[in-house]
Structures are given as structure tokens and as C-alpha cells.
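Model the placement of chain R on the given structure of chain D, informed by the hints.
First to last, the sequence lines map onto chains D and R.
In short: position in the first sequence from 1, add 1220, done, that's my numbering.
In short: position in the second sequence from 1, add 8, done, that's my numbering.
Note that these hints are calculated values from the structure, not bench results.
Careful: at least some of the hints might be erroneous.
Claimed, not checked - Listed below are several chain R residues computed to face chain D (Cβ distance under 10 Å; list not exhaustive):
1. Gly39
2. Cys41
3. Leu55
4. Ser56
5. Glu57
6. Leu70
Glycine is no exception: its CB is placed at the ideal position from the N, C-alpha and C atoms.
Here is how the chains run, residue by residue.
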Amino acid sequence: MSDLRTDEELVVAIHAGDLRAFDALYQRWAARLYGYMLRILGDAAQTEDLLQEVMLTVLSERTTSPRPGRFGGWLFTVARNRCLSQLRQAKSHQAKLESLQPPSAANSEPAALRDLLVREALQSLTEPHREALLLKEVGQLSYREIAEVQDVPEGTAKSRLHFAIAALRRAFSA
Amino acid sequence: MSCEDCQSSLIDYHYGELAESQREALAGHLGACGACATEYCRLHAALSEVARAGSAAPSDALRTRLRAEVARRFTTPRQKARARSLLDWLRRPVPLYQVAALLGLFVGGAALIATLGNTRDLSKPRARPAQIRTPLIPTYDAPRLGAVSDNLL
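So that you can see chain D by itself, here it is in the shape it has in the complex:
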């Protein structure tokens, strides 16, 4: 049964030592956050390490607790910054992008071909557009939360998303 408490209530409960609150928060966010971070980092082990760091940071930093209803945006902002910092530190952004290149087209499984198509379509987008699309589709954030993560007005986040989807559909139909 899912916990009906808000994210902020769960964080408060975790600070009081309630591990069931942690379970609920993890259940709510971990898979989405992991999918998003994996898309940026491209390495599962590194993504897990960083996800752990992000969640502990978010739970520990009481001084930067979000306003009610803003936990998702805050969590993804921290995750995004950590991922980009990690990529900068490694100075291997380009290498990582290359490692994210799709598997060989010789793999003719239909699912693999669809993945290939999606990856190529995503790679064809600019970084802000791709990020907006991933935050929406993988992170399942609202327009407002995407705007918070990207630090832009909500209208900008929305138009980025619309643009990305239109480009994606063009790529699919080409």
C-alpha cells in the first residue's frame, strides 16, 4: 500500500528515524531519478553511487529544505548538478557521450532497433531540449518542476518540451 504522506512529511519522518518513510520516499522517486541520471552518466554503477549520494544529500540538508510541493524539482536539481559536476570532473563528457552511442545496428531485435531510433532521436536534440524531455518522460516532473530544474520560466520549459517532442516525432517519421 502506498504511503499517502507528502514528500516533505516523509522527509520530516525520516529525520525522526522512521525507516518506513524512507521506504516510501525511495519507492516514489528512486527509479525515476535513476533512469534520468543513467541517461546522463551512461554507467549503471556510477549512477547508483551518485544516486545514493544525491539522496543522502537531499535528506541531510535541512537548511535547504524545499517549500511544500517542490521536493521533486529540488531532488532532480541536485541530481542534475551532481551528474554534470561528475562529468566535468572526469573531463570525459565527450567520451561518455560516445559511450552512450547505441549498440551496433547489426543487432536486429525489434526492441533494440527501437532503442536505437530513440537514442538517435534524443542525440539529435540540443541539451536543454533533451533534458526537458527526459525530465518529463523519465522523471515524470511537472512543467513547473522542469522549470525549477532548468532554472527558466515555466513557459520556456514548456516550449522546450513541445519543441523536443516535435523534433522527436519528425525523427521517428523520417
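Quick look at chain R alone, frame taken from chain D:
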């Protein structure tokens, strides 16, 4: 709602970002317009591909590791002390004479219960159940019995 208005709002509709009145109007239009409904299906399929390609789950080991770390960081000293005291109490050494005394009490109690359950005074016979006797009704049964015996003879 025109088809143009509908199609420009399909993405917002898909993500549940429309106001209630707009959502209802668009849903009504989709129910009546085949072209817009088809367009919506195409959009839905394209976005499902992106979501599917991005879906992944962290390992169970991460959850276990993170949970342990959260417990270590956020369980209050009082909670830790309570848990530790309970654990210490369970793990405390128990003298042998206490174990023997407990066992003796247990065995004695079981024997007492068994004895009380089987107690019966053997000097007295068991009470027999009362026998049911058929009542005799001479004025009714006598002539009938006589007639039967006559036929038999």
C-alpha cells in the same frame, strides 16, 4: 473546439497539464474527431517509446545500502539506545540455577494440570442414564392386543 486548437494542446493533455474545463473540451473533441484521435494515438506511441527506452531500476543492493545508511544517520540516539537496551537484555548471560528453576516450574505446572484433568472418585459407580419406559395405557391397548392375538390363533 477546432482541430487546430485540439492538436496544439495534445501534449499538455497527455501530461495532464490542462485545466479541467479545457481537458473536458479536448476529451470531447477527441471522442468526436477521428483525425485528432489518431494524432493523439501517434503522439502517445512516440512518447511511450521514449519512456520505455529511459526506464530502468536501481539494484536491490542499492536500496539495502541506502536504507542502512539512512538508519545510521537519522535514527535518534534515544531510538538507538532503546534498541540497544532491548538487544542487550536479550543477550544477557543467565545463571544456570535460574534456567533450572524455570524448567522446574514449567514441568511442575504441566504435571499439576495433567493431574487435575484426570481426577475422578473411583469408589463411586458411574451414574447410569435414566431408562425411558413406554407408558402402559390398558384401556387403549388391551382390545387391540386381544384382536391381534385372535387373528394369530
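Going through the hints against the structure:
| no. | hint | verdict |
| --- | --- | --- |
| 1 | Gly39 | violated (23 Å) |
| 2 | Cys41 | violated (19 Å) |
| 3 | Leu55 | holds (6 Å) |
| 4 | Ser56 | holds (9 Å) |
| 5 | Glu57 | holds (5 Å) |
| 6 | Leu70 | holds (5 Å) |
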